[in-house]
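*Asks:* Read off the chains here:
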Amino acid sequence: MAKLNLVQALNLALRQEMERDDRVIVLGEDVGRDGGVFRVTEGLIERFGEERVVDTPLAESAIVGTAIGMAVAGLRPVCEIQFDGFTYYGMHQIEAHATRLRWRSRGRFHVPLVVRAPYGGGVRALEHHSESREALWAHLPGLKTVIPSGPRNARALLLSAIRDPDPVLFFEPKALYRAFREEVPEEEETLPLGRSRIAREGGDLTLVAYGAMLRPTLEAAEELSRQRGAEAEVIDLLTISPLDDTLLVASARKTGRVAVVHEAPRSFGPGAEIVARLVEKAFYHLEAPVARVTGYDVIIPLFRREAYYLPDVPRIVQAARRLLEAP
Amino acid sequence: MPRTPIEIPESIEYLSVLDETGRLDRDLEPRLEEGLLLRLHRTMLLARRFDERLLSLQRQGRIGTFPPSSGQEAAHLGAAAALSPEDWMVPAFRELAAEIWRGRTLESVLLYNAGFNEGGHIPPERNDLPIAIPVGSQILHAAGIAWALRHRRTDRVAMVFFGDGATSQGDFHEGLNFAGVFSLPAIFVCQNNQWAISVPRARQTRSRTLAQKALAYGIHGIQVDGNDLLAVYAAAAEAVGRARAGGGPTLIECVTYRLAVHTTADDPRRYRTEEEVESWRRRDPLPRFQKYLADKGLLSEEGVRAAEEEVAREIQQAVERAEEAIKALGDPLDLFEHLWAEMPPTLREQREELIAALAARGGEETHG
Ligand SMILES: Cc1ncc(C[n+]2csc(CCOP(=O)(O)OP(=O)(O)O)c2C)c(N)n1
Ligand SMILES: [Mg+2]
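Chains A and B, in that order, give the protein sequences.
The opening residue of the first sequence carries number 0 in numbering that gives the first Met the number 0; numbering runs sequentially from there.
The opening residue of the second sequence carries number 0 in numbering that gives the first Met the number 0; numbering runs sequentially from there.
Calculated from the structure, these hints are not laboratory results.
Remember, predicted model here, so these are calculated numbers, not experimental data.
Positions of the beta carbon are idealized from the N, C-alpha and C atoms, including for glycine.
One or more hints might be untrue.
Here are a few chain B residues that sit away from chain A, every Cβ distance over 12 Å (derived from the structure) [claimed, not checked]:
1. Trp146
2. Ala293
3. Leu298
4. Gln316
Covered by chain B, according to a simulated footprint, are these stretches of chain A (three or more residues, beta-carbon under 8 Å) [unchecked claim]:
5. 101-114
6. 117-127
7. 166-177
8. 290-299
9. 312-320
In isolation and in its complexed conformation, chain B is listed as follows:
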């Protein structure tokens, strides 16, 4: 028998709507109403300034280690904005703007980063999972949630976030594979920020793109300019619409950049150059989106200033409220809570033991 070619799709698309010089492709421009555009801007700005504030709080020792998200706001916010509140969002740990968009309060972020488990609480109106730190593990949960949503005959979808590093984990491949086999309403959003701590994207895969991994699983894949909020939104809206209509899953690779440290325990000077960071700073999604809004006549310089003041106030109030809230937290016995629906007897005994140990210390606070 001769060797015969097998026809498989060989290309995927790259989508850019608003390039780094602010040039807009009007044919591709998603039609978003004014109010939505301004809310997106406000969320992006809030997330950026809050991220900066978190960094300074961490440097002052007021909160612990956290993963900054500056530079990646368009990639995750643009995607999350295509969801309706009834849809599900499954974050990794670098989706601050998306979490805020979905209703996470700044106080909850502050409490969590200040080392209080209370900050992990998800209120009932949010269909979101808490952050997942083991890289890639959450991808499977999104596939499972999507599965359940379809099984229950809803038209909702599940969207999951993860990084470029995560695409090396088996869980990523298994998640895409299950979603493809069962045609699940899932949207896999990869924030390719070029680095997994010190390991460059090229060390994760020999493939030219991450988006092309979709081809192997027979699902839709697209690569977008992840610093272009409009492009990310457009790609996500298309994927969400398709998933809702029963058209199956999509992998979206958002090409973006982590402008700050990996976490506050990291020193990027060990592995990347200032020139590289600078070149990406010029592609910063925030001023780019602001220029778009300005060109549309939706945002003046005055408007930006007002928005800056507003988010600064909101952040300040949140920090004060969180610090106030913290005074009432810290009950040591909380560490026994929320593990089981019903606390088993052994654990109740251990709880009593801690109470006694604390009492034996004269009730004084021994730990700060």
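Isolated chain A (complex conformation):
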């Protein structure tokens, strides 16, 4: 097995799926000759040609809107939006049509579309290049919102996303693009969409995270183990919507103490939905109020103050301690 970083793993998924299925088309700004500004589509145009790897004019609404048409007419478009801050130009097409055509046509049509975009902070970027707005998308019925947490699951989830019969928003934690490598098998590996996983087992408390926040959450779990012998179970959501609450509810019933970690702003964020599920499904097992360790309800500041905004290991550990100390 090769050790790949997130960029290489995503590239592998695209390459293999394009080889396997000639309906797959990659389109977006700078995805061809430049190989994408993060190089996720590197080498694809050389391999598959300009008809399948398309540098489009600069228009996200058109990228998404035409991709919807392609998807309806039998292709499997994978759009790259350069940063999540520019997905909004395409949001109307997703809300108004991608998520509805199956429903509106009573099953006659469906939209097997993938929209990939880097999201999240931590890379000293400009405004609009660091936000974490997955909750906006998770709120749309008919759209799957997927966020991998490492190279191996990213590759497996992207394959599933491309094969999925319905539209998928695929948010790539850009802070992880080159942060670390993992063994990624060359042979095909998929993971089901809409399923979370246990990233670390433990019986004393539950930490729920996803995307770039998984790593600090796992580190916090190690620190809690070292500091106080408390073992945290860490749930990695992988798909934000539709949310799989089976593992987190089971874990909450076991530990009674739960914290949710995300870099998105707190109010109406993914954590709010998770808390609601726990109240609905594990209320009588909870021994402490569910904690949310999140971004604040502000625009993420420019990079010199970004670290104050982003949840980090000390903030997660602090919240976990409070949970453990609750009577």
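Chain A is fixed; fit chain B with the ligands onto it per the hints.
*Replies:* Coordinates of chain B with the ligands only, in the frame set by chain A:
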């Protein structure tokens, strides 16, 4: 019924006053007074040298990613110079010389690029919006500002900048359309620098020019040599005058070139040749304008040297002042500011929470 031709204007003009060999068309030469010409030169030189300094600061890790503007100074400065201070300017993000012309301090640019939101502050005397990164989105704001200016019975105008890539966005077309329908005092300045990151101008539109898009919206359009400060100024002055007089909007396409990287995260060798860049370096707007001034007897070699020294000093002082200012910034709690006129209770709670979290760390700086 037979097919009958519909009469629509079929041509637009290309304007060049001072060509790349330094030849001047005296009939077209705008009559600018000496002082103004020299101030324009100084601003152009300052912007160029400052841009180069920013690049080296970025390479040293002292500031973050930014979009260099070298090579495009004539295109945006020439246009902005046709505005009066009471007019409005709506930038994209590659208009350094124009922003400096309008009064933006070098320190503010430095703070912004060093990752401090403080660098975005616009002082009350400047009728300019801050930069807009989502490509094309600001075009509509300029139309709206122009609308308000007319509604309020002023004779002011709004000028907006954007790139060739931006002309593919719906916002561009919608902005031109609104401006045309309501005959707004707006000037749309496209800096066609041939590239939108790695995507060439030919991939943005099949049209021969960008300027001709004006025809479809029934507004004035002109293409100018964007590396010729005089041509850009002349076209902009005409458009501003017309807009002020109630004659409606204009689209100006400035044909120019981005000599440097798209941003400091970009590697242009992946998509364009050194020969192409070289061919545009020969059309560099700065030496061309200097030659014009020299031919007019306004700028000697000695004068250029003196101006170089002056801007070098100004830049050095700005860098030092910005570094000094930065020492007093960095208060984490600033991240809660300026979002609302009045901070809502939830946010006040979150602010308290950050204060407590920082205190729990023993007040030590955990982030650099
Ligand atoms: C809506 C949107 N999409 C994508 C980007 C990323 N991006 C930044 S600049 C740029 C190219 C812009 O080209 P152009 O309009 O020609 O301006 P230039 O950069 O050449 O000055 C792109 C794709 C963005 N900032 N906004
Ligand atoms: Mg351009």
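*Asks:* Taking 8 Å as the Cβ threshold, is the statement that the segment 312-320 of chain A is covered by chain B upheld or broken by the three-residue rule?
*Replies:* holds (count 3)
*Asks:* Tell me if chain B covers the segment 101-114 of chain A under the three-residue, 8 Å CB rule, please?
*Replies:* As far as the segment 101-114 of chain A goes, the hint is violated, because 0 residues have Cβ atoms under 8 Å from chain B.
*Asks:* Verify that the Cβ of Trp146 (chain B) lies farther than 12 Å from every Cβ atom of chain A, and report whether the claim holds or is violated.
*Replies:* holds (22 Å)
*Asks:* Can you tell me if the segment 117-127 of chain A counts as covered by chain B, using C-beta to C-beta distances under 8 Å and a minimum of three residues?
*Replies:* holds (count 5)
*Asks:* Please count how many residues of the segment 290-299 of chain A have a CB within 8 Å of a CB from chain B and say whether that reaches 3.
*Replies:* With 4 residues in contact (Cβ-Cβ under 8 Å with chain B), the coverage given for the segment 290-299 of chain A holds.
*Asks:* Beyond 12 Å from every Cβ of chain A: is that where the Cβ of Gln316 (chain B) lies?
*Replies:* For Gln316 (chain B), whose nearest Cβ neighbour in chain A is about 22 Å away, the distance exceeds 12 Å, so it holds.
*Asks:* Closer than 8 Å Cβ to Cβ for three or more residues is the test here. Does the segment 166-177 of chain A pass it with chain B?
*Replies:* Per the Cβ count (0), the hint is violated.
*Asks:* According to the definition I'm using, a residue is off the interface if its beta carbon is farther than 12 Å from all beta carbons of the partner; does Ala293 (chain B) meet that for chain A?
*Replies:* holds (39 Å)
*Asks:* Are all C-beta atoms of chain A more than 12 Å from that of Leu298 (chain B)?
*Replies:* Given that every Cβ of chain A is farther than 12 Å from that of Leu298 (chain B), nearest at about 36 Å, it holds.
Hints 5, 7, counting from the list given before, are not met by this structure.
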